[in-house]
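*Asks:* Given the structure of chain X, go ahead and fit chains B and F onto it with the hints provided.
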Amino acid sequence: MNDRPFIVGGLLVFVVFVTTPIWHGVAARQVALAPLELKLPSREKHCVAPVSYMRTSHMQLLNEWRTDVVRNQQRQYTAYDGKVYDMNLTRTCLSGCHGSQKEFCDRCHTYNGAAALNCWNCHSDAPPAARNLP
Amino acid sequence: MKITRKQFLQLSGLSLIAMASKRLLRGTGSSASTESPKTIRWGMAIDVQKCRRKEGCNGCIKACHSAHNVPQFSDHAHEVKWVWKQPFEDAFPFAQTEYTREVFAGAPVLLLCNHCDDPPCQDVCPVDATWRTDNGVVTIDWHRCIGCRYCMAACPYGSRSFNWQDPRPAIPTVNPDFPTRTKGVVEKCNFCEERLAKKLTPLCVEACEEKALVFGDLEQPDSQIRKLLRSRFAVQRKPELGSGPSVYYLI
Amino acid sequence: MLMFEKAFTGSCRYWLWITCLLLVVLAGFACYLRQLAHGLVITGLSRDVTWGLYIAQFTFFVGIAASAVTVVLPYYLHDCKEFARVTILGELLAVSAVTMSGLFIFVDLGQPARIFNVLLHPQPQSVMFWDMIALSGYFLINTVIAMGALNAGREHASPPNWIRALAIVSIPWAISIHTVTAFLYSGLPGRTYWLTAILAPRFLASAFSSGPALLILLCLAMRKLTAFDVGGEAIHKLAVIVTYATAINIFFILTEVFTAFYSEIPAHEESFEYLFIGLGGDYHLVPWMWLSFLLSLVALTLLLVPRWRTNPRLLVIACLCIFVSIWLEKGLGLIIGGLVPSPLGAITRYAPTLPEWTIVCGIWAIGTVMTTALYKITLSVWEEN
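Protein chains in written order, with this note's numbering: chain X, 9 to 142; chain B, 21 to 271; chain F, 966 to 1350.
Excised from the complex, chain X in its bound form:
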């Protein structure tokens, strides 16, 4: 069968191509082996939702906040402990609690290549002066 080299060759090219994210990521990134330390917010003692939920589903929460603000014009979020927050990425999430995009969000989202964020194409990082404001 004189097609065998083409078939095998084509399959090899395909396998290389489809596994690109693996070997390209491994080669390009310097993987830090120590566990990631995330600074906890200094001012707030309670999270807007249970910490375990935030760890697993913060993107879902953010999407819900986005839908509430943009599509339903609702800006007040009542947390599980009854506290009311203003649903605002820059002022509440960053300035209010987690400091800045680089200090917090990027630490994971650029470290392990977890879903590259496009929030920052539009939303601003917390302004430096405001980071110390309540």
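Since the hints were made in silico from the structure, they are not lab data.
One or more of the hints may lead you astray.
What the hints assert, rightly or not - Chain X regions said to be covered by chain B (calculated; three or more residues, Cβ under 8 Å): (1) 72-84; (2) 127-137.
Stated by the list, open to error - Derived DEER-like restraints, expressed as beta-carbon distance ranges: (3) T118(X) to D1247(F): 48 to 56 Å; (4) D1194(F) to F28(B): 52 to 60 Å; (5) S1228(F) to A124(X): 54 to 62 Å; (6) F1223(F) to P259(B): 53 to 61 Å; (7) G17(X) to M39(B): 51 to 59 Å; (8) W31(X) to D1194(F): 49 to 57 Å; (9) G33(B) to P13(X): 55 to 63 Å; (10) D1247(F) to P259(B): 24 to 32 Å; (11) K42(B) to F1223(F): 52 to 60 Å; (12) E118(B) to V1251(F): 23 to 31 Å; (13) L1262(F) to S41(B): 55 to 63 Å; (14) P1089(F) to E45(X): 50 to 58 Å; (15) R63(X) to T24(B): 53 to 61 Å.
For clarity, every value in this text was computed on a predicted model and none was experimentally measured.
Glycine included, every Cβ here is placed at the ideal spot set by N, Cα and C.
*Replies:* This is chains B and F only, laid out in the frame that chain X set:
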């Protein structure tokens, strides 16, 4: 009990229809029984004479564009603007004749999204990225907009702008309290919806030193804007098109 | 199913043609990558002229796609035996044309990655939603019919009944795809040039004029390059269709001109003035619009006289003339005329940039590759019989 295939299919079909119609009835019934709450319809009245008192005045435009991170492109073809001025003959085409030219020739008229009651832009958007809120504000979801620009073709007033390129380099100073937009989405005046939520008036209204802009609830008979519309003669842009603008011009 | 392997066997000339086309596709793709990086600023579009060559080409090729009905209707509904060979060519041309239309929409989007929002958040009140449904459905219908016809041809059998039923369905569907496309424009209150009930009939007339004209040219090319001959009768009947459609199209345009200029309503006159006389110091479209009108008159004259219509060389000239004429009028004039003057009376000059033209040529090349490959498959199936 023996049942033929035909009988089984007939029974299943009838059951499905019964379930679906029950859902449908419940849906229509609930919407009919809910009492519609008192509605707000935000509107604006622009006093053309007060607006043109100070020549070259553009405080409202500066306030709006700086707070909302509207990019400043020098290239007229790609400009992005939420509120701007144009001569009377552009805003009200064919309204002026050779005998009335002297009064209005070149008189600047403030233009912005009319936040229509029945917006053509809402009708045409294929992804529901632009719609009229319950308060009468026509808003845009910049997360959903696919940049097809159908809304721009549909708008009879030329109120919408498109981001032909990344706007951030053209923003003089970014206001962190309001998002910027990306390239590839449409934007326009949002009636300062983020300020209305905090019971504040739009920035242009607040910034106007001549108090030429009056903002209020058109549904409230005793609001300032309604009183003004009862006392002064007001026109709208292209009212014959049936879009129901919420912006009035006091000539 | 679709016997793709038949498109991979061909002469040197065939492969040279495909390679040249793929190079054009590559150039177009490179320019599109640049457009993705920088935004639509690389085109000639502006705040006033927000739609241009891309959307105009979309409109034009939906028309070409719809024109398949001019061969499907006589063959499947009226058993017109002369169209036995040309019908499959018409259906395959429709498949390529619909693909091109979809691609033109895609490259026009500011946020193409979000295109699935149209499916995730359907808006039945938007004509664009129905356009998507109509065009996707038409693509599927024609692909299935063509597959069925080709497979039947390979088995030396006539197409099964359900294929015939599907072909009957494709007739009103073809009418509807171009009507829906016209409704995209003719329901917009602010655009006087487009706000006319006759826009949909005009679209159909120009489609049935330019589509069969292209089909005739393709059939004559097939006859010259291969042994596949659709037959003189089929060509002649197509030419008659083009004749009637051209006459009706010119008539429709003249009725529009009458309404605009007899009523003397400035808003109705302005767009015609801009396109045919010039307005606000901008005359750059005037020669093209008059060329379009002239070409359509030349084509109609050549087609009306039977002695000229049956002359192969003159027929080719007539088909080229009407195709270019309608391309200029529908693939350029229609869109710009609707957007200029702007709602605030601005005259903004629009001229496509080089990257814009390259992307357009790239999509044309994709359509040509598709048509070539599909016709090659048809040829192979026919040759085997």
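*Asks:* Please go over all the hints and tell whether each is borne out by the structure.
*Replies:* Taking the hints in turn, this is what the structure says about them:
no., hint, result
1, 72-84, "holds (count 5)"
2, 127-137, "holds (count 7)"
3, T118(X) to D1247(F): 48 to 56 Å, "holds (50 Å)"
4, D1194(F) to F28(B): 52 to 60 Å, "holds (55 Å)"
5, S1228(F) to A124(X): 54 to 62 Å, "holds (57 Å)"
6, F1223(F) to P259(B): 53 to 61 Å, "violated (28 Å)"
7, G17(X) to M39(B): 51 to 59 Å, "holds (56 Å)"
8, W31(X) to D1194(F): 49 to 57 Å, "holds (55 Å)"
9, G33(B) to P13(X): 55 to 63 Å, "holds (57 Å)"
10, D1247(F) to P259(B): 24 to 32 Å, "holds (30 Å)"
11, K42(B) to F1223(F): 52 to 60 Å, "holds (56 Å)"
12, E118(B) to V1251(F): 23 to 31 Å, "holds (28 Å)"
13, L1262(F) to S41(B): 55 to 63 Å, "holds (59 Å)"
14, P1089(F) to E45(X): 50 to 58 Å, "holds (52 Å)"
15, R63(X) to T24(B): 53 to 61 Å, "holds (56 Å)"
Consistency note: the structure conflicts with earlier hint 6 alone.
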